[in-house]
Amino acid sequence: MAGLDAKQESRATPPSWPDDVYRILKDAGVQQVAMVPDAGHSRLIRAFEADPETRLVTLTTEEEGVAMLAGAWLGGQRGVLLLQSSGVGNCINMLTLPVICGMPLLMLVTMRGDWGEFNPWQIPMGQGTQAALESIGVIVTRADDPDLVGQTVWGAANLAFNTWRPAAVLIGQRVLGAKNFKELARK
Amino acid sequence: MTNPNVLLHRRDVVNELLRDRGDLLVIAGLGAPNWDVSATGDHRNNFPLWGAMGSASMIGLGLALAQQRRKILVITGDGEMLMNIGSLATIAVERPLNLTIAVLDNERFGETGMQKTHTASGVDLAGIAAAAGFRTSRIVRTMEQVTDIRDLAHQGKEPVFAQIKISPDALPFVMPPADGGILTTRFRQSVLGDEALHN
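If you're matching them up, the sequences are chains A and B in order.
Heads up: the first sequence is residues 6 to 192, going by the numbering used here.
Heads up: the second sequence is residues 90 to 288, going by the numbering used here.
Treat the hints as calculated values from the structure; they're not laboratory data.
Just so it is clear, CB atoms sit at the ideal spot from N, CA and C, and this is done for glycine as well.
You may find that some hints are simply not true.
To be verified - Some, not all, of what chain B presents toward chain A, calculated at C-beta under 7 Å:
id, residue
1, GLN156
2, VAL263
3, ALA267
4, ILE271
5, THR273
To be verified - Covered by chain B, according to a simulated footprint, are these stretches of chain A (three or more residues, beta-carbon under 8 Å):
id, segment
6, 72-85
7, 95-104
Claimed, not checked - To be clear about the criterion: a stretch of chain B counts as covered by chain A if any three or more of its residues have a C-beta under 8 Å from a C-beta of chain A, and this derived list gives those stretches:
id, segment
8, 130-143
9, 169-182
10, 275-282
Taking the hints into account, I'd like the entire structure generated from these sequences.
In structure tokens:
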């Protein structure tokens, strides 16, 4: 398994794509950030925590954020929903709102149950994430290369805010690095 | 004073909540609360829901944060509120001063055959809201208390939660437009002006 270890080590330096995403979201006019935290979003969340112009709202479940950002749009503000793929399933019926009302919704989804996953319980929702989103009418694009996350988010933000519909970016585990709690437990 | 032992009628309650509404912005939860709000007259500053059960309170939060100078009143049902009870924690933490949530509590799922909700077994929504952090959270049983909630909504000094006990009447449907695009666009145009049509 030496190859796997080498891939993990190549991710030792902090990734810069969250900084790109932060600038892109600021340029897009995002003022409300709704989230259930994920480790993959932690750097982006820290950037918004330090930004007094943005309202960062922690949710009890991801579907709250879909409704909150519908309210934000009704009041003239743009937002983004940060969530892990496991939270996508929680959102499905609530996505009726942006789909049927012609509202923008930008969702940035960090993937589990994807490349290199160690936890079998993450597989069902992770493998179902894209199909579930597309089934309710969300436009989905994937980013599996750290260098392409920024432009993928830029494209989805434009789709969402200029054509008034929900768009999701799935940020793959190939970008985030696969966790392995079992290895951590052995150390 | 109305007799606290006689349950209030839902349309009397909503008529009072929306009396002299001024520039109040109203979110109406799906089902009977939507028909009740619509029975007071279709209005561009209403956003009545036909689906997305559980969304009303959080739409209210997003709107309250975006429009901090306006007063926001969410009128919804006990079943709708119970479906997203966690939102009371989120809203209490965010503490939007301009948001009032009024739950019309008939202790029933009205649209599906009047099956009992948890409030029929004593679940205390106002107590849950208070425990989450709403400093003003009340169970309302008289029209005078409804008037107090109406006035608090217009004052906009703190988040307010009201669990208003009503009789389980099944009333004629009074429907607003059902097209989500129309409801969204006219609400935004009313709140934001014609600029809303261009972005």
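Against the structure, the hints:
no.	hint	result
1	GLN156	holds (4 Å)
2	VAL263	violated (21 Å)
3	ALA267	violated (9 Å)
4	ILE271	violated (9 Å)
5	THR273	holds (4 Å)
6	72-85	holds (count 12)
7	95-104	holds (count 4)
8	130-143	holds (count 5)
9	169-182	holds (count 6)
10	275-282	holds (count 4)
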